[in-house]
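Protein sequences, first through last, are from chains F and C. So the first sequence is residues 7 to 166, counted in the numbering used here. So the second sequence is residues 1416 to 1675, counted in the numbering used here.
Rather than coming from a laboratory, the hints here were simulated on the basis of the structure. The model shown is predicted, which means the values in this text are computed figures rather than measured ones. Errors might be hidden in some of the hints.
What the hints assert, rightly or not - Reference listing, derived: stretches of chain C covered by chain F, where coverage requires no fewer than 3 residues with Cβ under 8 angstroms from a Cβ of chain F:
hint, region
1, 1475-1485
2, 1547-1553
3, 1559-1573
To be verified - In silico negatives: residues of chain F with every beta carbon more than 12 angstroms from chain C:
hint, residue
4, 11
5, 12
6, 15
7, 21
8, 28
9, 47
10, 49
11, 105
12, 108
13, 130
14, 136
15, 153
16, 155
17, 161
18, 162
Idealized CB from N, CA, C, for every residue including glycine.
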Amino acid sequence: MTIATDTLERAVWDILGTVEDPELPISIVDLGLVQDVRVEDGRVSVRLVPTWIACPALALIRGRAREALLSLAGVRDAAVDYTYDEPWTLERVTARGRAQLAAHGLSVPRCRFAEPAVCPYCGSHDVVAESLFGPTLCRATYLCRSCQNPFERFKPPADA
Amino acid sequence: MPGVLTAIADPSVRDAFREWLLRIADDELVIGHRHSEWTGVGPDIESDVAMSSIAQEELGHGRALYEQIAQDEGSDVDRLAFGRAPNEYRHAALLEQENDGWEYSIVRLVLYEAFEGARLRLVAASGQEPVAGLARLLGREERYHGLFAETWLTRLAGGAVDGPGRVQAALDAAWPDALGLFEATPADDVLLRAGVLTSSPAAQREAWTDAVRPVLESCALTMPTAEAREGGRRGVHTPAFGRLLAQMTEVWRSDPEARW
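If we strip away everything but chain C, and leave its shape as in the complex, we get (with noise of 0.2 angstroms):
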């Protein structure tokens, strides 16, 4: 059976689609390793257990549109989420920032849950099987990421003393990166054109603003004014990615051929 990409003719739209999986796939990967840095030091016991599923869900989710590109190129998973170079990567830079206390983890879930979960309809919508039903078995799981999300953010955001400012402060500094989630390259139009994708990531932008408002809102935050800032999904990465990557990939790169 051909894989997903070989079964795409049209050279310029494979090569598309494929940057488009890469970087849903690495958004995971990286993320995934982000909230896995809470294991063992969540807040409560059930947060720690929470944030280290979502991680290996995240992780698993990752693997599963690796193996996608994976199995068509003849190439292996573990190579391919180890084994690039860092400005070979594609995700935003949301999802790379260091874990900047549980707050800032918090608000980064919600914003990435709720763009999370559009882009996976939008895959499921593309036509393009068996990463479409891929994509509509995935958005299941994450609608649980966003629940847990959200009552945190309640949470802290209704917290006495600190707490308000401490969620606004986080979510000022998440916002521009939250909007580099968002940021336009020309695989995006290759897929608009061709119809595989059926919303530009401007209108995607416009939303998921509509979307996350009403959920900042109501826990009475400020929604941020600040610009996108831009450039991983060209592979322009912050000085945050070079440190998760070398610890990421430390044991991998140890032996690349090791049978695991």
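Chain F extracted, bound-state conformation (with noise of 0.2 angstroms):
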């Protein structure tokens, strides 16, 4: 059986979106990990971009894409490589990425982590940051003086 390469791909974008990042309940698709996607002759090759270089996810992340992939109708062969090519910034996380984020307690910074912090309880910007390192590293804590929650916001690597 021979399945188009545009149905498969899209197959393959659609099956990417049901992995999850090890560390937060968001897809890689909506945290912008998928760089661009190949297919030809039933062999997928998949690019992803790291948000840290240093996670400690990151051989999971691919282990389970590549899973994924090989579940999949038609997939003769599937390759998943990180690439350096370019950054991973805060851009590339989804709408729907970032209201799963929002509903899991953490706060996200628009573009950049140096705009001012919101709290995701109550909204108040009086907040301070408690420490630039947090339970992951791509996590920083802080605490609400207006709500007296501490609470976390997700830290990119520096802006270049």
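Build the complex: two chains, separate frames, hints provided.
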């Protein structure tokens, strides 16, 4: 059985949308990790952009993505690689991804870490950074002085 | 796709570039191990987590750099990181010294991060992809380390009682080893001639001194005048490294063929 390349390509994007980041309740597509997908004669190659080079989840994400691709009918082989060609930035996160992270209680800057932080619980700007280094490499910890809740904020690699 | 090393036609330039990559990866691996020794015993919970995170990042950076060499040579990252004789490591002595108090670790972090940021910019400008791209990404991650280090330096040096004196003593102790970061080897000359490296070790050292001076002086610290202590870039290390290496490689040596 031969599956048309464009159909397969759509199926590849769909199944990548089910692969979750192990540290956040968000798919790798919504997090903006998938740079491009190439399908040729049942062979799929996917390039991912790492958020943090030292993120311990990189190998796991790559393995899960490849496993998902190989489960697709019509896929004969799958390669998943990280590319260093361009930086991962907050603009890559989809609107749905932002909503999922917010529902998880994580504050996400619109585009730069340097912009003022907002409490994800009460919306106050009266917040103070407790530490740039939180429970994972991509999260910093804050305290909201309005509602007194501690919260975490997504920390991208520093602005270039 | 050929790796970064096989893409370099001239064997002498290829060897020199490998030496440079190895040096950077070894610096990151060794300082990462030292930072990790603060896990569980940092002065407060935030700093404990911060130093542990910085350790994790440096080890991750080392891994990414070793991968560039390993994939070209059909070797594996763990063997490269853990399976060499002590004199085959190319890190500078600054990174291997014991954590002689929090103030020493902070001073070392300030001095090393200033160096590392500038070095990554040189790698990014080397034109050697994908390592140049990798260096651009690593530079963004290192930025937070410098911020953390300088915040702590200011806090310690501005402390009452014995703070300033202890930070100055740590700076004086670290200085000769910090200058050893710029130890020149024949590999630097080869890379300079080939245009891969665009700043000599002497020029890098001068730029670094200009960069750290205002940071140190704003903390009312005195710039030390001691000479460089060299050797690391040629594989000559202090006894501290022998102890570090024995501990760091203990698990790997128990079964080098194990799959993790």
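Evaluation of the provided hints:
| no. | hint | in the structure |
| --- | --- | --- |
| 1 | 1475-1485 | holds (count 4) |
| 2 | 1547-1553 | holds (count 5) |
| 3 | 1559-1573 | holds (count 3) |
| 4 | 11 | 22 angstroms, holds |
| 5 | 12 | 26 angstroms, holds |
| 6 | 15 | 22 angstroms, holds |
| 7 | 21 | 25 angstroms, holds |
| 8 | 28 | 15 angstroms, holds |
| 9 | 47 | 19 angstroms, holds |
| 10 | 49 | 15 angstroms, holds |
| 11 | 105 | 26 angstroms, holds |
| 12 | 108 | 23 angstroms, holds |
| 13 | 130 | 22 angstroms, holds |
| 14 | 136 | 6 angstroms, violated |
| 15 | 153 | 21 angstroms, holds |
| 16 | 155 | 17 angstroms, holds |
| 17 | 161 | 8 angstroms, violated |
| 18 | 162 | 8 angstroms, violated |
This entry does not satisfy hints 14, 17, 18, going by the numbered hints stated previously.
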